[in-house]
Structure formats: structure tokens, C-alpha cells
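*Asks:* Chains A and B supply the protein sequences, listed in that same order. Once you know that position 103 of the first sequence is 750 in our numbering, the rest is easy, because the numbers rise by one and skip nothing. Once you know that position 171 of the second sequence is 956 in our numbering, the rest is easy, because the numbers rise by one and skip nothing.
A few of these clues could be false.
What the hints assert, rightly or not - Listed below are the simulated DMTMM-like cross-link pairs for lysine to aspartate or glutamate, each with C-alpha atoms no more than 25 Å apart in a straight line:
hint, chain 1, residue 1, chain 2, residue 2
1, B, 907, A, 885
2, B, 838, A, 870
3, B, 859, B, 811
4, A, 798, A, 863
5, A, 887, B, 904
6, B, 838, A, 864
7, A, 666, B, 910
8, B, 859, A, 879
9, B, 925, A, 819
Just so you know, the hints here were simulated from the structure itself, not pulled from any lab data. This structure is a prediction, so every number in the text was calculated from the model and none was measured.
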Amino acid sequence: MLKDVTIGQYYPTNSFIHKLDPRTKIHFTFLYIIALFTIDNFYGYLAAFALLMGITLVSKIPVGYILRGIKGLVFIILITVLINLFMTPGTPKFEIWRLTITEEGLEIAAFMALRLIFLVTGTSIMTLTTSPIALTDGIEYSLRSIPGVKKYAHELAMMMTIALRFIPTLMEETDRIMKAQKARGADLESGNLVQRAKNLIPILVPLFVSAFRRADELAIAMEARCYRGGHDRTRLNELKYNKRDVYAYFVILGMMVAIFATRWL
Amino acid sequence: MEKMIEFKNVGYIYEKHEGAETVAIDGVSFSVRKGEFIGIIGHNGSGKSTLSKLINAILFPTSGDIWVAGINTKDHSRIWDIRQSAGMVFQNPDNQLVATMVEEEVAFGPENLGIDPKEIRKRVDEALKTVEMGEYKNKKPHQLSGGQKQRIAIAGILAMKPKCIILDEPTAMLDPAGRKEVIETIKRLNREENITILHITHYMDEVVDADRIIVMDEGKIAMEGTPREVLCQVEKLKDLRLDVPQITELAYSLQKEEIDFGCGVLTVEEMVDRLCQ
Chain A
648 MLKDVTIGQY YPTNSFIHKL DPRTKIHFTF LYIIALFTID NFYGYLAAFA LLMGITLVSK
708 IPVGYILRGI KGLVFIILIT VLINLFMTPG TPKFEIWRLT ITEEGLEIAA FMALRLIFLV
768 TGTSIMTLTT SPIALTDGIE YSLRSIPGVK KYAHELAMMM TIALRFIPTL MEETDRIMKA
828 QKARGADLES GNLVQRAKNL IPILVPLFVS AFRRADELAI AMEARCYRGG HDRTRLNELK
888 YNKRDVYAYF VILGMMVAIF ATRWL
Chain B
786 MEKMIEFKNV GYIYEKHEGA ETVAIDGVSF SVRKGEFIGI IGHNGSGKST LSKLINAILF
846 PTSGDIWVAG INTKDHSRIW DIRQSAGMVF QNPDNQLVAT MVEEEVAFGP ENLGIDPKEI
906 RKRVDEALKT VEMGEYKNKK PHQLSGGQKQ RIAIAGILAM KPKCIILDEP TAMLDPAGRK
966 EVIETIKRLN REENITILHI THYMDEVVDA DRIIVMDEGK IAMEGTPREV LCQVEKLKDL
1026 RLDVPQITEL AYSLQKEEID FGCGVLTVEE MVDRLCQ
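Bound-form chain B, shown alone (with noise of 0.2 Å):
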């Protein structure tokens, strides 16, 4: 299958001031293959959101090398065309839209790439069909709840026409009602125009029927693997400070009590099936 973007020993180091130096990332090595739903989780500092940053070329790689869509991030004149196939929506929704205007707003990202404006018409009503968003074309950005802000950036994107969107942590500054309008969005982008997708996160629950899981813990891979394998190890996760799902958390503790249970109960239906048997 074709890889969408590879990872190959990346390092990357913040120079802080007088020679101070951090290490967000250490010697991290994976791909992503075409289609894939990937779900990065790590607490705070993991070096999760610098990850992101690498893929779209704004942050270059210390050492190692990282291919988006088969092109170097280091090809200062291709840098373009990465950013154009791999999209970035960012945290925090107030602070990534540009225009005043939504219609504006998703035209935002062709404009800048020269499309014909009759073919960015088409695009932007496309896009706002994609994210359910048609109705509001013509309201500003300030009058959408925090939901409808993050699924105007994502039609923003995916005017664009990405192969691939990285979220970091998109969900973190909404209320559960919007995590689950945006969740839900990327869920069907994926499932329906087989997009890439890169999400990252750090609440467990929104990544568990992801295609993969990736763990970061200080700069490092810490756990890799399908959503079952990874939430098998429980105490590990603990471990790195990270919470697993309530349901998930429930079946643990049940298998500590003795009650065979088997590993990785991930959602409720799961769990009944279970008790059931």
C-alpha cells in the first residue's frame, strides 16, 4: 500500500536561550499508509504537537527525515505541495480563522494556492456540504459555537483538496457537544473520501476505533498497535499518565477481581456482550 507519510529516525531539538536545549523528539520512526485513521495520544510535553508540526514543513526535522506524500519536508521548494497535501487544523478555533466572512474562510487556502475563482466556488460549496456547514456560508465567524468553528477550519482544509489532514488536539478547547460534531465529521472524511487521518489527542476515548494508536511519552514512541492491543496494557498506560476509557477502565478492574473477562473492552455494546456471555 502506499505510504502517506514516513518517519525515519526524526529528532528534533528546541534551541532555548544560552545553549539551553530541549528534545521534543527522539529517534521516532513509523508510516502512515493511504486511507489510515491514526490516533496520536501522549500527555502533555509528549511531543505530540511538535510531531504535527514536522509533517506540515513548519518545523524541519533535526536529524532523521520525514516524507509527506512521497516528497522530502526537507525540499525547501516543494514546500508547498506539502503543506497543500497534508492540511493542519489547529487547537484552538479563534485563533486559525482569517477571513470574516465563512464562505471567505474556506476559500482561504485555494485562494493562496491560485485556483480559478470559479473552481474555488465549487470547491467551497463542496467543502461546506462535506462538514454540514452549507446553511452558514454567509454568517461570521464569531456567531458559531466552538463545534461549527473547528468544521469551518476543517472545510477550510479540505477545500484544499489534502490527501491527508493532521488534527492537533481539535476537541480540546469544546464542549462535548462540539467534540462530538467534529469527531464525527473526521470519522466520516475518512470512512467516505478516504482521507488520511492523523488525530491527535489526549482523551483516549476519541481514538478507539481508530485503524492504529500511537503512544508518545518524552519525545519517544511509547506503545504502537490497533486500539485493542494498546488498551491491553492498562497499567502501562497509567504509567504514562494517561487515562484509558471508562468502560475499559471497568473491565480492568473486573479482571483484577478474578473474573475472566479478557483484555481490551473499548466500548459499551462490547461490554455487554461480554457480561452476556
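Next comes chain A alone, as it looks inside the complex (with noise of 0.2 Å):
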């Protein structure tokens, strides 16, 4: 089940890609998005696409694993297909039964599907081609630019580290725990789905219990190493532009501002 989740999973291919400085992919994922909303016409998805197309090529990801992150949004994208094709008013071309659907419709809905799709496979790159610590540093250093933002930058950062960190662990726990409920003949697999959220309360409840108390000694063992927040604090690996950065920049910019231009089209 969780398998299929590509976003937020690391690829590693040691490409170009993946090499740039994670702030470089975090500005360029937030432009990339932008540029999706500001496209009017088909020519945009087509530059959007072209756009994808060589990043792909360039970070050595295969397409069929990038694509899988769409499986996931598939009910969202039909959902938003359906409702955009039978909601808009305009001119009508068919009628089914008692809806009707009118070419601004399909307009608006192949749009809407192409944004979302468009949306999901850029941003899963992004993740894809940087490993959790460097989108966490790059996250931090990025937010650390934001005026108002900046004093909350680093406690963010640690935040979304802990967890990362804890995601392993408190699987293993959720793992542990399951076994401990069935041995004691909790039934987790059987009943309708109210049924089965409700077999769910005797895992969660210890997973909590437990989550908390690691918790308070990560917290004790943490002050105990003189943490004290983000202020005066140094960082083993300092985020560092390269020349490649640059480079990327400059194509990078280019490409967006065809995908903008093609308003006019």
C-alpha cells in the first residue's frame, strides 16, 4: 500500500539533477508551479511538458517510476474531470440523460487533469532527486531568506529531521504492536470498514502512549547535548552554491519563461 507513494521517496542516480544544490530545486519546484497556474492554452502543457521530458532525461529517473506517483491522484483527477465536464455552462455538444456536456467543459476538464498530472510528476522529481536531509536543509536555508518566516526556520527544519527520523522506528513499533493485539486475538483483517477503523484503537492507542514518552526522553537527551534552538548554531555541512547551480539557473529561468510566453500564442 505504501509502496506506491513516490512522493517523498529519494531515487538516488547520482545525475546532475541530483547533484544541484537543494535550494536551487526547491525555488525552481515553487516557479515551475506558478508557471502551471499562468497556462492558458495547449502550447503551455506542450513547453511544460517538454520541460519535464529533459528534466527526466537529465536526472536518469525512469518515466514509468516517475508516472506511478499519478496512481495515487487517479480518483482526485476523475473526480475533478467528471465535475468540471458536466458543471460548465456554455455552448452544448452532447447531452447524456439529463446532463449536458458543453465544449468549455472539455476545455476546462482535459486543462484541469493536464495541471494536476503536470503538478504531481514536477513535484515528485523534486523529491525524487533529493534525499530527505538535503530538501530539510534546503527547506531551512530557503525559508531563512523569508522575513517574518526566519526565527521559526530552524525549529521547522528540526521538526520535519525528527520525523524523518522517527518514521522507521515507530513503524517498527506499529509492526510490534499488531503482532502483540493479534496475540492476544485482536482480529485487524475482517469486518466492514467502520468495523475495521474501529479494530484500529488498541494499535494506535499504545503507538501514541509510546510515541509521546520517546518523545519526552528525545527531548531530555537533546537539551542534555546543549541544544537551545536554532540560535548560534553551526551546521557540519553548510549549503554551498556550485557553478552547476548557476547553469541550471539560467536554463532553468529560460524554460519557464517560454512556458509563460506561450500565452500569447
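Put the two chains together into one complex; each comes in its own frame, and the hints tell you how they fit.
*Replies:* Take a look at the structure:
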């Protein structure tokens, strides 16, 4: 179940894209999302497609792997398409039973579907090419440059790091609790959806209790190691922009302008 | 000799809700010299964990004073100096590792101290080498065994250049192999790096070659002395619900059978020597 989610997974290939500074990738994903929303005709999507394909090829990640990320969103895309298809007023094209599909509806539905697909694939390329550690560093450094958010940058990044650190620990714990409850006769597999959700309670309660205990112990351990927030803190690996980031900025900025320019085609 | 840690008539009272109070530490005085290896023993609830938290200024004594490296722990302005000079390793290896990578984990302490990145890099490499975990620096903590995780925790403390390390039952959650790794590491640190060690445990056999043993019971020091002096009093240890090492137990039983054995046999080698006499 969890294996199908590609967002947030890291796919190491040591490509040019992987070696870019995480900040470069974060900034571009941000710009890319904005650019996507400015697109108002199919040429725009063509340009975005070219950009995505180019990045994918350079990143050496198999296209199929990236597309798997869409699978989890099929449902959302379908709903969006259906709603737009039937709810948009305009020139009627087909009529099925009491529903009318309009020309405008067709166009908007196609646009929405494309926009969602491009959004997901684009952002998943960022997470696939950036290790979680680099990503948190990138987010911390990027937030630092925003006034107002600056003072929370370190805390937010620390929270993300700890969350990442404890994912495998808590997974193991969940597994252990499930086995323990099964050994006591808990039934986790049968019944309808509501019944199954109810059956999860004896797993979630001990999991939360233990998570809180861990959090408490971790907090003491961190303080014992002189942790006092982001103030006056240094880093083992400071982020530094390289020459390749400068090239990347030029190339991708050019392509963003191209996407934006398709509005006048 | 320079005093590393000094307790003077220290008391600590836990305040529970509705005004109920529990005395965790009661009038404890002792001192630890620089470079000493001290074993602190006691059954559950004897106050030994509270003792360790008092040294690290996580808790503050309700009466009496504690000095760590000459600094009174009540001096809030120097709390970071205290925590830097007296590092702490906890029982559960999973709940004291912060970072997603071994290298970053070891760097966590020095990063908090605001040390220059180049110096941090140097310290991290040195610390990992000292605990013999150099080749694991790019691994994730959850890929390591319990013993390895504890050694990483020790490396994380070493990178802060402490004068003293307090280990609060570091082996309680480990398998025998992991226990051995950790014990050997801390003994080596004491011997080669001259770091003062306070090893809190309930395994008596882990502290038979300590310089001194302090036995805690109900918040008080019940016994204090060299391992031989303490282990000679098998009866008293049993009253305190403590297990003596198997070999000491055997020698004690033989002694009871009126075979003149002398007391305080600590290791198998000693046993062999005495039997051959």
C-alpha cells in the first residue's frame, strides 16, 4: 500500500539534477507551480511537457517510476474531470440523460487533468532527486531568507528531521504492537470499513503513548547535548551554491519564460 | 587531585500532584576525581537515574549543592558549560538519536555549541574513529544494531570534548554482544582518553574493574568503596536486592562451607589462582 506513493521517496542516481543544491530545486519547483497556473492554452502544456521530459532524462530516473506517482491520484483527477465536464455552462456539445457536456467544459476538464498531472510529476521529481536530509536543509535555508518566517526556519527544519528520523522507528513499533495485539486475539482483517477502523484503536493508543514517551526522552537527551534552538548554531554541512546551480538557474529560468510566453500564442 | 564532580549533602524531592512528595535523593555526599571510573549500582527506584540527571543540570537539587568541573549546577548562566563538560548517554538508544544520518548525529552536539564547520568535521571523524564506527558514518541510525547505536551516542558526546561522561544504564536494552561492545568502549575511553566515567547500571559484573563503586538504596548511599571492598559484603548486597557476579557468588558459597577462601573474588582468573594455591 505504502509502496505506491512516490512523492517523498528518494531515487539516488547521482545525476546532474541530484547534485544540484536543494535550494535550486526547491525554488524551481515553486516557480514551476506558479508557471503551471499561468498556462492558458495547449502550447503551454507542450512547453511544460518538454521541460519535464528534459529534466527527467537528465535525472536518469525511469519515466515509469515517476508516472507511478500519478496512480495514487487517479481518483482525485477523475472527480475533477467529471465535475468540470458536467458543471461548466456554455455551448452544449453532447447530451447524456439529463447532463449536458459543453465545449467549454471539455476544455476546462482537460486543462485541469493536465494541470494536476504536471503538478504531481513536477514536484515528485524534486523529492525523487533530493535526499530527505538535503531537502530539509534546503527548506531551512530557503525559509531563512523570508522575513517573518526567519525565526521559525530552524525549528521547522528540526521538526522535519526528527519526523524523518522516527518514521522507521515508529513503523517497527507499529508492527510490534500489531503482532502483540494479534497474539491477544485482536482481529484486524475482517469486517467492514467502520469495523476495521474501530479495530485500529488498540494499535493506535499504545502507539501514541509510546510516541509521547519517546518525545519526552528525546527532548531531555537533546537538552543534555546543549540544544537550545537555532540561535548561534552552526552546521556540519553548510549549503553552498556551485557553478552547476548557476547554469541550472539560467537554463530553467529560460524555460519558465518560454512557458509563460505561450500565453500569447 | 582535581575534583570532577562533588555532591554536598544533596537532596532531591519529586513533587507529585496533590502535594504528595517522593524523596528521590536524600543527603548524598561524595566526590569524583578527574580520570576516575565510578560504578553506581542500585535496584530500580534507588535514585540512581535522578543522580545522573542532577549532574547534568537537567534537574536541580532541592537541598545541598553539586559542583561539576568546579561549577555549581545552580548557576543557570553556566548551564551549557556544565552540559558540555558532563556528557550523558541514556538507556534507550532509539530515543536519544536525533539525526537521520550517523555523521550528522555525532555533529549534533558541536553544532549546538556553535563550533566552526571545519572543526566539527574534524571532531566527528575523530569521535567516530574512537568508538570504531568510522565506516558507518553515512548509515542511517535504524540500520545499526543496539550496541552500535549506543556507540554512536557515545561518539556524539565525545565530539563535544567532555571531561566526564555519565552513562545511565546504557546496556539495559542491549543483547550480550552489544553490552560487551559498549563496556569495552567506555573502559577504553577511561584508560586512553582519561575521561572520567560514571557508569550507572544494575549489572554488577560490568563494574568489577571500576576504581570505585557506589551502591545506592532509597536515595541514600548504602555502600561505597573499591569493587573488592563492596563485593566482600555479599550478605549486605543481597539485602539490597542486588545480584553479585556469579563467580563472587561461588566463592562466597565455598567460604560458607568453611573452605578458607578470602573474600571478594571478582574474576574467573582470580578464582583459578586461589583454587590453585
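*Asks:* Against this structure, judge whether each hint is valid.
*Replies:* Do the hints match the structure? See the list:
With a CA separation close to 15 Å, the supplied pair residue 907(B) and residue 885(A) stays within the 25 Å bound. Straight-line distance between C-alpha atoms of residue 838(B) and residue 870(A) comes to about 11 Å, which keeps the hinted pair within the 25 Å bound. Between residue 859(B) and residue 811(B) the CA atoms are separated by roughly 18 Å; this keeps the pair inside 25 Å, and the hint holds. For the hint linking residue 798(A) to residue 863(A), the alpha-carbon distance of about 24 Å falls within 25 Å, and the restraint holds.
For the given pair, residue 887(A) sits about 18 Å from residue 904(B) by alpha-carbon distance, which is consistent with the 25 Å threshold. The straight-line distance between the Cα atoms of residue 838(B) and residue 864(A) is roughly 12 Å, inside the 25 Å bound, and the hint therefore holds. Of the supplied pair hints, the one linking residue 666(A) and residue 910(B) holds, its CA atoms being roughly 24 Å apart against a limit of 25 Å. Distance restraint check for residue 859(B) and residue 879(A): the Cα-Cα separation of roughly 23 Å lies within the 25 Å cut-off, and the hinted pair is therefore satisfied.
For the given pair, residue 925(B) sits about 15 Å from residue 819(A) by alpha-carbon distance, which is consistent with the 25 Å threshold.
The structure fails none of the hints (numbered hints given earlier).
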